[in-house]
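Chemist: Please take these sequences and the hints and turn them into a complete structure.
Protein chains in written order, with our numbering: chain A, 1 to 199; chain B, 1 to 267.
Simulated from the structure, these hints should not be mistaken for lab results.
Using N, Cα and C, we set each Cβ at its ideal position, and we do this for glycine too.
Among the hints, a few may not be true.
Here are the simulated DSSO-like cross-link-like pairs (lysine-lysine), alpha carbons at most 27 Å apart as the crow flies [stated by the list, open to error]:
hint: 1; chain 1: A; residue 1: 46; chain 2: A; residue 2: 56
hint: 2; chain 1: A; residue 1: 46; chain 2: A; residue 2: 88
hint: 3; chain 1: A; residue 1: 88; chain 2: A; residue 2: 150
hint: 4; chain 1: A; residue 1: 150; chain 2: B; residue 2: 249
hint: 5; chain 1: A; residue 1: 56; chain 2: B; residue 2: 249
hint: 6; chain 1: A; residue 1: 46; chain 2: A; residue 2: 151
hint: 7; chain 1: B; residue 1: 249; chain 2: A; residue 2: 169
hint: 8; chain 1: A; residue 1: 169; chain 2: A; residue 2: 56
hint: 9; chain 1: B; residue 1: 43; chain 2: A; residue 2: 151
hint: 10; chain 1: A; residue 1: 127; chain 2: A; residue 2: 46
hint: 11; chain 1: A; residue 1: 127; chain 2: A; residue 2: 56
hint: 12; chain 1: B; residue 1: 57; chain 2: A; residue 2: 150
hint: 13; chain 1: A; residue 1: 169; chain 2: A; residue 2: 88
hint: 14; chain 1: B; residue 1: 85; chain 2: A; residue 2: 56
hint: 15; chain 1: A; residue 1: 169; chain 2: B; residue 2: 85
hint: 16; chain 1: A; residue 1: 120; chain 2: A; residue 2: 46
hint: 17; chain 1: A; residue 1: 151; chain 2: B; residue 2: 104
hint: 18; chain 1: A; residue 1: 169; chain 2: A; residue 2: 120
hint: 19; chain 1: A; residue 1: 46; chain 2: A; residue 2: 169
hint: 20; chain 1: B; residue 1: 57; chain 2: A; residue 2: 151
hint: 21; chain 1: A; residue 1: 150; chain 2: A; residue 2: 46
hint: 22; chain 1: A; residue 1: 88; chain 2: A; residue 2: 120
hint: 23; chain 1: B; residue 1: 57; chain 2: B; residue 2: 85
hint: 24; chain 1: B; residue 1: 43; chain 2: B; residue 2: 57
hint: 25; chain 1: B; residue 1: 85; chain 2: B; residue 2: 249
hint: 26; chain 1: A; residue 1: 127; chain 2: A; residue 2: 88
hint: 27; chain 1: A; residue 1: 150; chain 2: B; residue 2: 43
Derived DEER-like restraints, expressed as beta-carbon distance ranges [what the hints assert, rightly or not]:
hint: 28; chain 1: B; residue 1: 267; chain 2: A; residue 2: 93; range: 53 to 63 Å
hint: 29; chain 1: B; residue 1: 157; chain 2: A; residue 2: 49; range: 52 to 62 Å
hint: 30; chain 1: A; residue 1: 74; chain 2: B; residue 2: 48; range: 18 to 28 Å
Spelled out, the chains give:
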Amino acid sequence: MRILVSGAPVMWRLKCILLVMITLWASGDLLAKAPGSLHELGSTWKDQNGLAFAWKDMEGQVVLLSMVYTSCEQTCPLIITELSALQKALPSHLQDRVQVLIFTFDPDRDTQGRLAAYAKARHLNPKWRFLRSSPDDVQELAAVLNFRYKKMESEDYAHSNIFTVLDQKGHMRHQQLELFRGRGQTVEMIQSILESAGR
Amino acid sequence: MILSKVCFTGLLISASIDGVLANDSTMARVPSGRYESFVPEKKTPGAPLQAPVLFVKTFDMDRTPVTNGQFLSFVLQNPAWQRDKASGLFTEPGYLLHWEEGLKTGPGAPLTSPVVNVSWFAARAYCRSLDKRLLTTAEWEYVAGPEFFGQTKADRENFLQLILEWYARPSPLVLQSVGQPTRHRLGMQDLHGLIWEWTSDFSSNIASTELRDNSSPDAAEFCGAATLGGKDPTNYASYMRFAFRSSLKGGFSLANLGFRCARDVAP
Numbered sequence: 001m002r003i004l005v006s007g008a009p010v011m012w013r014l015k016c017i018l019l020v021m022i023t024l025w026a027s028g029d030l031l032a033k034a035p036g037s038l039h040e041l042g043s044t045w046k047d048q049n050g051l052a053f054a055w056k057d058m059e060g061q062v063v064l065l066s067m068v069y070t071s072c073e074q075t076c077p078l079i080i081t082e083l084s085a086l087q088k089a090l091p092s093h094l095q096d097r098v099q100v101l102i103f104t105f106d107p108d109r110d111t112q113g114r115l116a117a118y119a120k121a122r123h124l125n126p127k128w129r130f131l132r133s134s135p136d137d138v139q140e141l142a143a144v145l146n147f148r149y150k151k152m153e154s155e156d157y158a159h160s161n162i163f164t165v166l167d168q169k170g171h172m173r174h175q176q177l178e179l180f181r182g183r184g185q186t187v188e189m190i191q192s193i194l195e196s197a198g199r
Numbered sequence: 001m002i003l004s005k006v007c008f009t010g011l012l013i014s015a016s017i018d019g020v021l022a023n024d025s026t027m028a029r030v031p032s033g034r035y036e037s038f039v040p041e042k043k044t045p046g047a048p049l050q051a052p053v054l055f056v057k058t059f060d061m062d063r064t065p066v067t068n069g070q071f072l073s074f075v076l077q078n079p080a081w082q083r084d085k086a087s088g089l090f091t092e093p094g095y096l097l098h099w100e101e102g103l104k105t106g107p108g109a110p111l112t113s114p115v116v117n118v119s120w121f122a123a124r125a126y127c128r129s130l131d132k133r134l135l136t137t138a139e140w141e142y143v144a145g146p147e148f149f150g151q152t153k154a155d156r157e158n159f160l161q162l163i164l165e166w167y168a169r170p171s172p173l174v175l176q177s178v179g180q181p182t183r184h185r186l187g188m189q190d191l192h193g194l195i196w197e198w199t200s201d202f203s204s205n206i207a208s209t210e211l212r213d214n215s216s217p218d219a220a221e222f223c224g225a226a227t228l229g230g231k232d233p234t235n236y237a238s239y240m241r242f243a244f245r246s247s248l249k250g251g252f253s254l255a256n257l258g259f260r261c262a263r264d265v266a267p
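Modeler: Structure (structure tokens):
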């Protein structure tokens with residue numbers, strides 16, 4: 001973004017800031033709204049083994065999650081690699097205390113059988129859950145995570161690469177918005193949530 | 001967004017919700033057709049960039065955007081969507097902030113004016129409560145396109161000019177009623193000139209920095225990405241809507257963003 005240096009835009013900005021401050025003050029009661037929890041989502045999913053998954057099941061569980069589709073040959077394998085790297089970067093006694101969840105945004109093609117085959121072929125950690133639901137529920141989850149995806153004519157998708165950390169109450173505590181970059185912060189956040197719970 | 005709140009300090013008008021419930025007579029059928037996207041794609045990695053032509057199936061849609069009155073009756077029946085009860089997962093603090101109180105619309109939100117300051121989640125829940133859904137972006141662009149507003153070149157230019165003039169004007173503090181006169185061939189109202197509207201797949205409007213670089217589209221790809229560069233540069237309004245949608249997040253509440261609903265037609 002270009003920085004505006006001429007006088008007028010700066011004044012305009014100051015006025016804007018002032019107005020926002022007044023408004024924030026005027027609506028302070030509303031701003032007290034508590035952050036939402038993903039455990040409120042009513043969607044139900046099934047994992048690669050056919051086991052049902054509901055968000056409430058994650059109560060008390062620290063979660064690391066991402067969204068992928070298995071027909072993707074470009075960044076999706078890297079997303080899986082990244083999840084694995086993040087988990088392995090944790091101190092060994094904490095690695096099993098974070099639940100890794102992978103959600104497909106291509107439920108038409110990613111059937112349960114296909115997810116199971118993919119998990120096997122990629123030697124995914126058997127504790128990871130590879131989940132699918134209806135396109136409508138996928139759309140809702142994507143909106144909650146600010147995850148963007150678009151099916152192209154080629155049947156491939158353009159999509160975000162986002163890694164999200166949830167605490168035991170389902171609150172979004174951190175999002176890593178790129179592959180590779182910001183790994184340290186993600187690991188630190190998971191570790192700090194787990195350690196503060198252990199105390 | 002939330003700036004509008006300070007401006008409404010007039011008399012309270014208690015809400016009457018009689019006669020504002022949506023029913024099927026408020027919908028009209030849209031025939032199937034084709035919508036030519038202006039966001040070029042590659043069919044295969046080596047293929048040239050080409051604007052895809054999307055087939056839109058016939059569907060029913062609300063003639064007008066959802067009003068404050070209709071949304072009030074929805075929150076009365078669905079308390080979880082009331083202003084002070086709605087979850088922070090689905091709404092931000094500006095949710096329904098132009099209403100006088102949680103269950104009182106007030107002078108800043110006439111019952112017949114389009115409801116705004118609603119998140120995508122709230123809009124979606126409203127439509128679902130009536131066994132409807134939001135329009136897809138392709139459906140919205142198709143039915144709001146210049147083809148439905150006249151056949152001649154002059155019609156088209158006039159249409160696009162009117163939209164751009166609207167985009168250039170700041171939103172009024174109190175929005176006009178829905179149901180403004182229309183030249184739409186199917187009688188759809190308020191598609192342009194009143195508010196912007198949520199679409200179900202707003203998050204498929206992707207404009208990351210990687211996509212903006214027209215000079216090297218190949219280098220810009222991430223898992224099959226598009227590069228902007230309009231097939232029809234005269235439909236600049238469509239480009240602006242794309243840019244607008246690409247900046248939205250599902251929880252946003254904006255003073256000029258509302259919605260209407262659609263319904264599938266049984267084959």
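Chemist: Hint by hint, which ones does this structure get wrong, listed from lowest number up?
Modeler: 3, 17, 18, 23
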